[in-house]
Every structure is written in C-alpha cells, then in structure tokens.
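Under UniProt numbering, the first residue of the sequence shown carries the number 1, and numbering increases by one thereafter.
No lab work stands behind these hints: they were computed from the structure.
Note that this is a predicted model, so its numbers are computed, not measured.
We put the CB at the ideal spot given by N, CA and C, even for glycine.
A hint or two may mislead.
[Said to hold, decoys possible] Distance condition first, Cα-Cα at most 16 angstroms in a straight line; then the derived EDC-like pairs of lysine to aspartate or glutamate: (1) Lys195 <-> Glu241; (2) Lys208 <-> Glu241; (3) Lys136 <-> Glu241; (4) Lys139 <-> Asp184.
[Claimed, not checked] The calculated label-pair distances, taken between Cβ atoms and stated as ranges, are: (5) Asn172 <-> Gln284: 29 to 37 angstroms; (6) Asn164 <-> Lys98: 21 to 29 angstroms; (7) Gln285 <-> Asp95: 43 to 51 angstroms; (8) Arg323 <-> Gln120: 37 to 45 angstroms; (9) His335 <-> Asp203: 37 to 45 angstroms; (10) Asn320 <-> Gln120: 19 to 27 angstroms; (11) Asn283 <-> Ser364: 43 to 51 angstroms.
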Amino acid sequence: MFLRNGSTKLRHRFLSSLLLIGFFGIFLSVWGYYSYFVDPGEKGVNEVNSVLVSEHFNVFEPVLPDRGVSLPRDFKFHPEFQHEWWHYFASLKGDDGKEYSVQWSFFRIATDERETPGWQSPQVYISNVVISSKSKVWKEQRMARGGIGQAGMTSRPFRIWIDNWNWRSLGNTPFPGRLQVQTDTFGLQLDTVAKGPYVLNGDNGYQKKHDLLPVASYNFNAPFLSLSGVLNLDGVAKEVEGTAWVHKEWGSGLLGVGQQGWDWFVFNFDDGTALSISRYRHNQQLPYVFGTLATRSGKVYQLTESDISIQPLQNTTLMNGRRMPLQWIINVPEHDINLTTRIIRRDMWLPFVIPYWEGPIRASGSHEATGFMQLTGY
C-alpha cells in the first residue's frame with residue numbers, strides 16, 4: 001500500500017511538473033530568444049511589448065474612461081483584464097548606518113480570457129524581489145500558475161502571495177501591512193503604514209498612454225508610506241526603517257502596436273512632495289509623456305506633456321551590451337521643479353522573464369530627492 005501511494009504521488013508530481021513547464025514555456029521562450037539572440041536595442045518586438053501588447057484573438061475587458069478607480073474596491077485583483085501588477089519601492093537605513101533599497105514586484109498575466117479554476121486557469125503569476133546596497137545586490141524571481149493555491153490574492157483580509165512570499169494585512173486594505181520574503185540567501189520583513197493619501201493618476205485613475213491609439217490603464221499610487229522591519233542578508237539580520245512608494249496598475253494590452261517600452265521615475269522630495277513621471281517610447285513617433293505631482297495634504301496635479309521637459313543626458317553601455325540612458329534632466333517649470341538624476345548603482349539590469357533596468361536614484365537641483373527609475377524595452 002505504501003509503495004502504491006508513493007508511486008501515485010510521484011506520478012502526480014511528474015504530471016504536474018510537465019503541465020507547469022508547458023504553461024511557462026511561452027514566457028521562457030520569449031525571454032531566452034530576446035536575451036540571447038536579438039541584438040540589444042533592435043527596433044521592433046522586444047521582451048516587454050511581446051507580453052504587454054494584447055493579442056487580437058483574445059477578448060479581455062477594455063480599459064474605458066467612464067469607469068475610473070474606486071478604493072478600497074480596486075485593491076482586489078481584476079482577472080477579467082489581461083495584466084495586473086504591484087510595485088513596491090523602499091528606501092531604507094539600517095542600524096549599521098548603511099543605506100539599502102528594496103524593490104518588490106508582483107505580476108499577474110492572463111494567457112487568454114477564460115475564467116477557469118484549477119489546473120486550467122490561464123493566470124500566470126511572477127514576483128521579483130531585489131535588495132541593493134552600495135556594495136552588493138541580492139535578487140530572486142518566483143513564477144507560479146493560478147488556480148492551484150501556489151499564488152493568488154484574497155481581499156478579506158488583504159493578502160497577496162506566491163509560495164512563501166506574501167504581503168498581508170488584517171483588514172481589506174494593504175496598509176498597515178507586512179511584506180515578508182524568504183529565500184536561501186536573503187529575506188525581509190517590512191511593516192508598512194500609510195502617512196498620506198492615495199493618489200489616483202490621470203482622470204480618476206484612468207491613464208492614457210498614447211495620444212492616438214486607445215491604449216490606457218487603471219492605476220494609483222501610495223507615495224507616502226513609512227516602514228520599519230528587518231533585512232536578513234547572507235545570514236546577518238539588520239533592523240531598518242525608511243519610506244516606501246507603492247504603485248498598482250491593471251488593464252488589457254498595456255502597450256500599443258509600435259510602442260517599445262517606457263521610462264518611469266518616482267521621487268520623494270525633501271519637502272514631502274511626491275512626483276511620478278512616465279515616458280512611453282514609440283517607433284517613428286515622439287514619446288508620450290505624463291506625470292502626477294502630489295502633496296501630503298491631498299493636492300494632486302495631473303501633468304501632461306506640455307508641463308514636462310524630460311531629456312536623457314547620455315547612454316551607458318551595460319555589461320550585457322545594452323545601451324541605456326541612466327542619467328536624466330527632468331523639469332516641471334510651472335511647479336519650479338528642475339532635477340538632475342544620478343544612479344546609485346549601474347548594474348541594476350534585472351534579467352528576469354520580463355527583463356528591465358530598475359534601481360534607486362537620487363536627484364538634485366531645485367529639490368533634493370530620493371526615488372527609483374525603471375527603464376524597459378531597450
């Protein structure tokens with residue numbers, strides 16, 4: 001009996017492994033092909049837009065301007081849309097006097113529009129965590145499929161998880177909440193509370209991303225967060241505290257045909273103001289630029305291309321041969337903002353299934369600021 005049960009379990013594990021490998025094959029193929037066989041910087045399809053451009057034969061819920069974002073309703077998942085993700089950026093100072101940065105991302109990508117439970121679920125979950133200091137970078141990625149309990153979300157109470165990585169709270173909102181991640185070489189436990197209002201981007205959370213095509217998403221920010229906790233790096237625990245920024249976004253076909261990727265910046269200014277700037281790049285068209293400026297008192301200014309001047313200063317060649325603009329000048333004249341950015345580390349290319357450059361930055365000029373930069377599609 002014991003042998004029969006053991007054999008059955010082994011067969012189940014084997015079949016499960018085959019199904020999982022097949023399900024992830026499309027994503028691994030995209031990553032492998034573009035990471036190793038396509039020249040960096042080649043125009044056309046890249047690792048990012050091959051995943052985020054909606055296929056014409058799939059029918060997902062459209063992003064429409066009359067819906068908007070409503071909280072706390074939209075903390076939940078939206079499986080009727082093709083894509084959804086959370087980004088968590090934290091700037092920390094340890095009890096050892098050193099500065100650390102944490103980047104955690106949680107993606108949900110639907111391979112088709114079916115709403116099927118169990119092993120037939122079309123939902124794929126991807127989560128990345130990156131911790132960096134001036135001397136070292138720790139990073140890891142997890143992938144899972146939906147429908148089998150390995151990854152997902154609950155709303156009451158709020159919880160997002162993949163394997164033993166999770167972000168949870170006691171209520172139906174993310175804050176106050178705890179982000180907890182453990183790997184073989186590093187881990188973290190960060191308790192985060194909101195110290196200011198949530199910010200809806202664009203028109204009540206409906207954000208256009210192209211001036212001609214119907215490309216848009218729903219999204220909001222939580223830029224005024226305070227946190228404390230513990231980083232466990234190479235077996236050494238370090239108590240930390242600092243600030244964080246959370247962004248949530250969802251939609252279907254988040255890039256239009258001909259869109260290459262985006263350059264995204266988030267800043268916390270020394271006066272307590274928060275600024276987000278996005279620049280979506282197109283083939284044979286000028287970039288589409290937008291942003292949001294917010295204060296702790298609740299004032300929000302939606303910024304359009306006419307409000308923003310953003311210019312890369314120079315391209316830097318990374319170790320993998322890709323050329324990327326790692327230093328920028330960003331001006332918002334109406335609000336007396338003039339910034340020159342600088343990176344903390346150059347080696348922040350993240351070779352994940354959806355690869356991009358993402359890392360902490362600083363800015364000086366009219367304001368002193370800390371923040372993060374994300375560059376995709378290069």
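Checked hints:
1. Lys195 <-> Glu241: Holds - the C-alpha atoms of Glu241 and Lys195 are around 14 angstroms apart, at most 16 angstroms.
2. Lys208 <-> Glu241: Measuring from Cα to Cα gives roughly 35 angstroms; hence the hint is violated.
3. Lys136 <-> Glu241: violated, 19 angstroms
4. Lys139 <-> Asp184: holds, 11 angstroms
5. Asn172 <-> Gln284: 29 to 37 angstroms: Once the Cβ atoms are compared, 46 angstroms apart, the range 29 to 37 angstroms for Gln284 and Asn172 is violated.
6. Asn164 <-> Lys98: 21 to 29 angstroms: holds, 26 angstroms
7. Gln285 <-> Asp95: 43 to 51 angstroms: The hint (43 to 51 angstroms, Cβ to Cβ) holds, given that Gln285 and Asp95 are roughly 49 angstroms apart.
8. Arg323 <-> Gln120: 37 to 45 angstroms: holds, 42 angstroms
9. His335 <-> Asp203: 37 to 45 angstroms: Since His335 and Asp203 have Cβ atoms about 20 angstroms apart, the given range 37 to 45 angstroms is violated.
10. Asn320 <-> Gln120: 19 to 27 angstroms: At 37 angstroms between Cβs, range violated.
11. Asn283 <-> Ser364: 43 to 51 angstroms: violated, 34 angstroms
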